[in-house]
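Just so you know, the sequences run in chain order A and B.
Each residue of the first sequence is one higher than the one before, counting from 1 in the numbering used here.
Each residue of the second sequence is one higher than the one before, counting from 111 in the numbering used here.
Any given hint might turn out to be false.
Among the chain A residues that face chain B by a calculated CB cut under 7 Å, a handful are [what the hints assert, rightly or not]:
| id | residue |
| --- | --- |
| 1 | Thr19 |
| 2 | Trp20 |
| 3 | Val26 |
| 4 | Leu27 |
| 5 | Pro32 |
| 6 | Ala46 |
| 7 | Val48 |
| 8 | Ile50 |
| 9 | Ile55 |
| 10 | Ala63 |
| 11 | Ile70 |
| 12 | Ala84 |
| 13 | Thr98 |
| 14 | Arg100 |
The following label-pair restraints were derived from C-beta to C-beta distances [what the hints assert, rightly or not]:
| id | chain 1 | residue 1 | chain 2 | residue 2 | range |
| --- | --- | --- | --- | --- | --- |
| 15 | A | Asp31 | B | Met111 | 38 to 44 Å |
| 16 | B | Leu119 | A | Glu102 | 47 to 53 Å |
| 17 | A | Glu93 | B | Ala180 | 21 to 27 Å |
| 18 | B | Phe188 | A | Val21 | 39 to 45 Å |
| 19 | A | Val10 | B | Arg164 | 36 to 42 Å |
| 20 | B | Pro137 | A | Gly4 | 31 to 37 Å |
| 21 | A | Val80 | B | Tyr162 | 16 to 22 Å |
| 22 | A | Leu6 | B | Arg191 | 50 to 56 Å |
| 23 | A | Ser61 | B | Pro137 | 51 to 57 Å |
| 24 | A | Pro41 | B | Ala165 | 23 to 29 Å |
| 25 | A | Ala62 | B | Pro137 | 38 to 44 Å |
Please keep in mind that the hints were generated in silico from the structure rather than gathered at the bench.
Remember, predicted model here, so these are calculated numbers, not experimental data.
By construction, the Cβ of each residue, glycine as well, lies at the ideal position given by its N, Cα and C atoms.
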Amino acid sequence: MSPGDLAVIVLLALGVAVTWVSCLGVLAMRDPYDRLHYTGPAAVLAPVAIAAAVIVEEGLSAAGIKALLIAFVLVTTNPVLGHATARAARIREFGEWTVREEDREGGERP
Amino acid sequence: MNEFTVAALALLAGLVPCGVVCLRGSPVDRLIGLELAGTVDTLVLLLLAQAYDRAIYFDLALALALLSFAGGLVFARFLERWI
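Looking at chain A on its own, in the form it has when it is part of the complex (with noise of 0.2 Å):
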């Protein structure tokens, strides 16, 4: 087994077990601020990996570009679609998503 063969393996085991670790997350966090946070590394972490995997596979022809522009569409994508969603939550617990009076007193949240 080549070098190049054994970092193709750990790279999609890493991007694999990342993947799981998040979505095991998702499924033990109890509200949504909390669930939110585990979709990052599935949307970072595992795209890169995966990405580079292909890329030691493959170089950099037409498919490790194309998996490179992938991850980068998942990195950028993610922190945009994680605001949108918990700034949904937001204002659908308080009717507002800015800062009220009992957030600025440093108040316990719900």
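Please arrange chain B on chain A, whose structure you already have, making use of the hints.
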């Protein structure tokens, strides 16, 4: 069956927790399950494209990444007020 096929099959198991989250909890919880499932699906398609060794199949993963982002934004917008 190479290592990319194995990784794609292993990632499919990650869809089970996403499905469970989509079946339980508040609407926002379900939306988060859907968003994570979209990410996992994109990665599965990416791995399968490499496993079958067809560069054109990567476009499918790219389209899913962009469309699940747009879909998630639309769902979030509707969940703010109307649903």
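Hints versus structure:
About 5 Å separates the beta-carbon of A/Thr19 from the nearest beta-carbon of chain B, less than 7 Å, and the hint is met. Because the smallest distance between the Cβ of A/Trp20 and any Cβ of chain B comes to about 5 Å, under 7 Å, the interface hint for this residue holds. Because the beta carbon of A/Val26 sits about 6 Å from the nearest beta carbon in chain B, less than 7 Å, this interface hint is met. The criterion of a C-beta within 7 Å of any C-beta in chain B is met by A/Leu27, whose closest approach is roughly 4 Å, and the hint holds.
Below 7 Å, beta-carbon pairs count as interface contacts, and A/Pro32 has one with chain B at about 4 Å; its hint therefore holds. Using the Cβ-Cβ criterion of 7 Å, the hint placing A/Ala46 at the interface with chain B is satisfied: the shortest such distance is roughly 6 Å. Evaluation of the A/Val48 hint against chain B yields a violated restraint, the C-beta minimum of about 11 Å exceeding 7 Å. Interface hint status for A/Ile50: upheld, as the beta-carbon distance to the closest one in chain B is roughly 6 Å, under 7 Å.
Because the closest C-beta pair between A/Ile55 and chain B is about 10 Å apart, greater than 7 Å, the hint is violated. Look at A/Ala63: its Cβ gets to within about 5 Å of chain B, closer than 7 Å, so that hint holds up. The interface hint given for A/Ile70 holds, since its Cβ lies 5 Å from the closest Cβ of chain B, which is under the 7 Å cut-off. Proximity of A/Ala84 to chain B holds as hinted, the smallest CB-CB distance being about 4 Å (cut-off 7 Å).
The criterion of a C-beta within 7 Å of any C-beta in chain B is not met by A/Thr98, whose closest approach is roughly 13 Å, and the hint is violated. This hint is violated: A/Arg100 has a C-beta 17 Å from the nearest C-beta of chain B, more than the 7 Å allowed. The hint said 38 to 44 Å for the Cβ distance between A/Asp31 and B/Met111, and at roughly 41 Å that hint holds. As the Cβ distance of B/Leu119 to A/Glu102 is approximately 48 Å, the hint placing it in 47 to 53 Å holds.
Range check, A/Glu93 to B/Ala180: Cβ separation about 25 Å, and the 21 to 27 Å hint holds. Checked against the given bound of 39 to 45 Å, the beta carbons of B/Phe188 and A/Val21, roughly 30 Å apart, lie outside it. In this structure, A/Val10 and B/Arg164 break the distance hint of 36 to 42 Å, their C-beta atoms being roughly 25 Å apart. For the hinted restraint 31 to 37 Å between B/Pro137 and A/Gly4, the CB-CB distance of approximately 46 Å leaves it violated.
At about 31 Å, the CB distance of A/Val80 to B/Tyr162 disagrees with the hint of 16 to 22 Å. Hint check: A/Leu6 to B/Arg191, Cβ distance near 52 Å, so the stated range 50 to 56 Å holds. At roughly 43 Å, the beta-carbon separation of A/Ser61 and B/Pro137 lies outside the given 51 to 57 Å, and the hint is violated. In this structure, A/Pro41 and B/Ala165 meet the distance hint of 23 to 29 Å, their C-beta atoms being roughly 28 Å apart.
At about 40 Å, the beta-carbon gap between A/Ala62 and B/Pro137 stays in the expected band of 38 to 44 Å.
The structure fails to meet hints 7, 9, 13, 14, 18, 19, 20, 21 and 23 from the earlier list, while all remaining hints are met.
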